[in-house]
Structure formats: C-alpha cells, structure tokens
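Undergrad: Can you make the complete structure from the sequences, with help from the hints?
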Amino acid sequence: MAIIYEKLLNKYTEKELKEKLSVSLVGRLKRGEFAKLETVASRIDISPIDYTYSDFLEDYGEKYKKYKEKKTLFNLLKAGKVMRQLSVENGFLDTTIVNALLRGFTENADSFSVLLPYIGEIEDLKKDLKEFEYTLFKDHIEIYGEKNKLEKFKSDYNINYMVLYHPKKKKDHLAFDGRTFKVIEYIEKNPQK
Numbered sequence: 258m259a260i261i262y263e264k265l266l267n268k269y270t271e272k273e274l275k276e277k278l279s280v281s282l283v284g285r286l287k288r289g290e291f292a293k294l295e296t297v298a299s300r301i302d303i304s305p306i307d308y309t310y311s312d313f314l315e316d317y318g319e320k321y322k323k324y325k326e327k328k329t330l331f332n333l334l335k336a337g338k339v340m341r342q343l344s345v346e347n348g349f350l351d352t353t354i355v356n357a358l359l360r361g362f363t364e365n366a367d368s369f370s371v372l373l374p375y376i377g378e379i380e381d382l383k384k385d386l387k388e389f390e391y392t393l394f395k396d397h398i399e400i401y402g403e404k405n406k407l408e409k410f411k412s413d414y415n416i417n418y419m420v421l422y423h424p425k426k427k428k429d430h431l432a433f434d435g436r437t438f439k440v441i442e443y444i445e446k447n448p449q450k
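Under the numbering used here, the first residue of the sequence shown carries the number 258, and numbering increases by one thereafter.
No lab work stands behind these hints: they were computed from the structure. Remember, predicted model here, so these are calculated numbers, not experimental data. Think of the CB as a built atom: it goes at the ideal place given N, C-alpha and C, for glycine as much as any other residue. Be careful, since some hints might not be right.
Below, a list of computed lysine to aspartate or glutamate pairs in the EDC-like style, where the Cα atoms sit at most 20 Å apart [to be verified]: (1) 439 / 378; (2) 446 / 399; (3) 327 / 381; (4) 293 / 273; (5) 327 / 367; (6) 323 / 385; (7) 287 / 316; (8) 406 / 388; (9) 275 / 263; (10) 268 / 302; (11) 328 / 380; (12) 426 / 390; (13) 383 / 434; (14) 264 / 295; (15) 395 / 346; (16) 264 / 316.
Computed beta-carbon distance windows for the label pairs [what the hints assert, rightly or not]: (17) 427 / 359: 39 to 49 Å; (18) 322 / 299: 21 to 31 Å; (19) 296 / 384: 25 to 35 Å; (20) 314 / 426: 35 to 45 Å; (21) 426 / 289: 47 to 57 Å; (22) 339 / 406: 38 to 48 Å; (23) 273 / 384: 29 to 39 Å.
TA: So, in structure tokens, the structure goes:
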C-alpha cells in the first residue's frame, strides 16, 4: 500500500476517496500500484495529509529516479500540475518542463519563471536565510555572517563565488547572482508562499 494512500485514509474514508478520486485510482493506490500524484492532487487537496518529500521518494522514487530536480518535481505534482500541460499553457514545447526537470535548469532556462514557485529549495532557503543578515540588490544578493556558515551555505547551494571579508561592514560576506539569488528574490517578493 502506498504511503500516500495510508495518509489519505487518515483524513478520508475509503468511500470518500472513491467518490473524489475514482474506484480504479483508489484500487491502484490500495494495491501499491503506480497512480499519478498529479492526478490524485488535482482531484483532492493533499496538503492537509502531510505528504512529505521523503514519502514521495518512497512511493515514486523508482519512477522518477532519472530526474535531477526531484524536489521541484514533487512540488509541481503535489500541486496537481501536469508537466506537459504546464509547458503548453506557457507557450513552450510540450516537453520543455519535463526536460528541465530531467536535466536540471538554471535561471536562464525558458521554463525558469514558470517553475520558480515550485522550486525545491524554497523551504530550505527560507530556513537557512534566518541565520544571516542579507541585502538584496537588483542583480545580486550579499549575505553576511560567520565564515564557516557562509562556506556551508555556498557549498549547499552550489554558489561559485568566494566568501570575502567586507571591510566597511567588518564582517564576512558572500555576494552572488544566479539561480539561488533568483529564488531568494522570489521569496522576498512572495513571503506568503
């Protein structure tokens, strides 16, 4: 039995699930067979069941093992989004978002702005940024803090800039642009998300 099905049963009865999802979909979930997460999430709100990324990897890890952007994929599917449909709705080839999630993407990718609300590291960044003082500029960000914590942040988010001492502020800092900067900029503009 899939974890998602067990968690759904904690919130809904089997009868309610069959009404909301369909008898065949509930049957597949119950037997532990593949059932598209985006189909489940488009028919029933799964946010109250606390279905986590680790649950997703347990249920769907084998199916999506080739994807580089698994957390972003999880957030998209959990929101009930169909990748091909999302591509077409945004004027891309139907495979654009699938390919971005398979291969990984940068802030320069055509699909980046569409995927931004679902990017996997948003929650991690929100938590990690609490340890630092930072200033957001138009084209980059500067983060101030202890050198070892800045080095860890740099490593965790694959930032290719050096941690340097800022003589005016008398603190170590990390200044960078790129994908992580764009995600932080998105977080600042959308604090409720």
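Undergrad: Check the hint pairing residue 439 with residue 378 against an upper bound of 20 Å on the C-alpha distance.
TA: 12 Å, holds
Undergrad: Below or equal to 20 Å on CA atoms is what counts here, so check residue 264 against residue 295.
TA: 16 Å, holds
Undergrad: State, for the Cβ atoms of residue 427 and residue 359, whether the hinted interval 39 to 49 Å holds or is violated.
TA: Holds - the Cβ-Cβ distance for residue 427 and residue 359, about 45 Å, lies within 39 to 49 Å.
Undergrad: Would you say the C-beta atoms of residue 322 and residue 299 sit inside 21 to 31 Å of each other?
TA: For residue 299 against residue 322, whose Cβ atoms are near 24 Å apart, the range 21 to 31 Å holds.
Undergrad: Are the Cα atoms of residue 323 and residue 385 separated by 20 Å or less?
TA: 27 Å, violated
Undergrad: Residue 268 and residue 302 were given as a pair; does the straight-line alpha-carbon distance stay at or below 20 Å?
TA: Holds. Residue 268 to residue 302 sits at ~11 Å (cutoff 20 Å).
Undergrad: Decide if the proposed pair is consistent with the structure: residue 327 and residue 367, CA atoms, cutoff 20 Å inclusive.
TA: 19 Å, holds
Undergrad: When you check the alpha-carbon spacing of residue 293 and residue 273, does it fall within 20 Å?
TA: 19 Å, holds
Undergrad: Mind checking the alpha carbons of residue 395 and residue 346 for me, to see if they're no more than 20 Å apart?
TA: 29 Å, violated
Undergrad: Tell me if the straight-line CA distance from residue 327 to residue 381 falls inside 20 Å.
TA: 14 Å, holds
Undergrad: Given the hint that residue 264 pairs with residue 316, test it: the Cα-Cα distance must not exceed 20 Å.
TA: Roughly 12 Å between the alpha carbons, so the hint for residue 264 and residue 316 holds.
Undergrad: Is the Cα-Cα distance between residue 383 and residue 434 20 Å or less?
TA: 17 Å, holds
The earlier numbered hints that this structure contradicts are 6 and 15.
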